[in-house]
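Please construct the entire structure, taking both the sequences and the accompanying hints into account.
Number of protein chains: 2
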Amino acid sequence: MSTRDAIVEAADKLFYENGFDHTSFAHVAEAVGISRGNFYHHFKSKDEILEAVIDRRVSDRLAMLEQWDGVGETPQARLECFVRLLSTNREKIRRHGCPLGTLSSELAKLDHPLGPEAKRLFDLFRSWIRRQIEAFGRIEDADLLALQLLSMSQGATTLANVYPDEAILDLEIQRMLDWIADLTPKPTPQADQKEQS
Amino acid sequence: MSTRDAIVEAADKLFYENGFDHTSFAHVAEAVGISRGNFYHHFKSKDEILEAVIDRRVSDRLAMLEQWDGVGETPQARLECFVRLLSTNREKIRRHGCPLGTLSSELAKLDHPLGPEAKRLFDLFRSWIRRQIEAFGRIEDADLLALQLLSMSQGATTLANVYPDEAILDLEIQRMLDWIADLTPKPTPQADQKEQS
DNA sequence: GTCTATATCCAGATAGAC
DNA sequence: GTCTATCTGGATATAGAC
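Quick note, the sequences are listed as chains A and B, same order. Just so we're aligned, residue 1 is where the first sequence starts under full-length UniProt numbering, counting upward by one. Just so we're aligned, residue 1 is where the second sequence starts under full-length UniProt numbering, counting upward by one.
Quick caveat, the hints were computed from the structure, so don't treat them as lab data. Check before you lean on any hint, since a few could be wrong.
Copies of the same chain look alike in the list, so a pair counts if it fits in one copy or across any two.
Computed list of lysine-lysine pairs in DSSO-like fashion (alpha-carbon distance at most 30 angstroms, straight line) [to be verified]:
no. : residue 1 : residue 2
1   : Lys13     : Lys46
2   : Lys119    : Lys92
3   : Lys44     : Lys119
4   : Lys44     : Lys13
What follows is the structure in structure tokens.
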């Protein structure tokens, strides 16, 4: 692996664990095993490293979403991949929150020019979830429902970070799974007022 | 107002807008109109200012919750005060997120010793919401439902911060109001119409 | 490409005059 | 109680040797 990639990988991890602003070159240098001065052969500034980290996260998540596209037979099974991600990473989430949400929040507070770039990560999930929901046939409100699932995941990860010692994340995960199950089109047993035409 | 109070007030605002770590004494000094050196007559360290800011937020929210206790006739009306708070502060939320959630997230990333103190702010709302729900007669799951409402508010504020230009916060607020309405014990199951469309 | 050495700046914190 | 002046450390960033 190239030194550049090693820097981006270590910075990605440290930005997540300790925050972008709080992470210094000294921290990254120690993690990679190089000297501080060496950074500037690969990056002109700290912001350039942040940009590379965001790009790395984008391509990483993009690859993951494309892999999920090949999972299961139903959009429900694919949406469950998203929820399962929270379960798999529960320990990290409890300690450091959501890698997307916390970065976005921090850059917003710093009024950082790359804040809008972090939004791309959310857009990635937003549109992928929307496509799954559209596969249910719910075209009109697919985007709103996608935002709803994203909102649930952000609420779950934030609370799990506040109360790391409680089983809150698992409860929220179950709520999300139930929500996905309720998305499935089913014959309406009780009187339903709607379905115009 | 004493200089000490002025410092805490300005620090509270700046910590919220720009983050605790990123806010320097120079920023606070300029906002208050005093010199940097004067801080140390009132506080021994920056962490002491943070502690005072958290105490201020706690007593501030406590007073607000006590005021809400006198609002309306039903627990539903009181819970709506909580949701209305998001609506009233929508512009600040879009720009800086939730004052509780973002502080808690930042202190977790910094591994700051006062991180657990920030949790007190969540506990305040958690127990207040729980009491309102218990007033509905739902004793067993009141705490879980309180966490659910807190989770919704955190998801809503985080997404509103990510997508400040969209009307996402208002949609989430409506979802929360619907959720509160569904909490109300209903005599006739016929009147139950959920939005499963 | 990687290193050491250093420049520059700004942070938190201190000392002491008034 | 407030100020100015200063200490000290750590941050980003640069220069130049190897």
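Among all the numbered hints in the text so far, which are the ones the structure does not match? none
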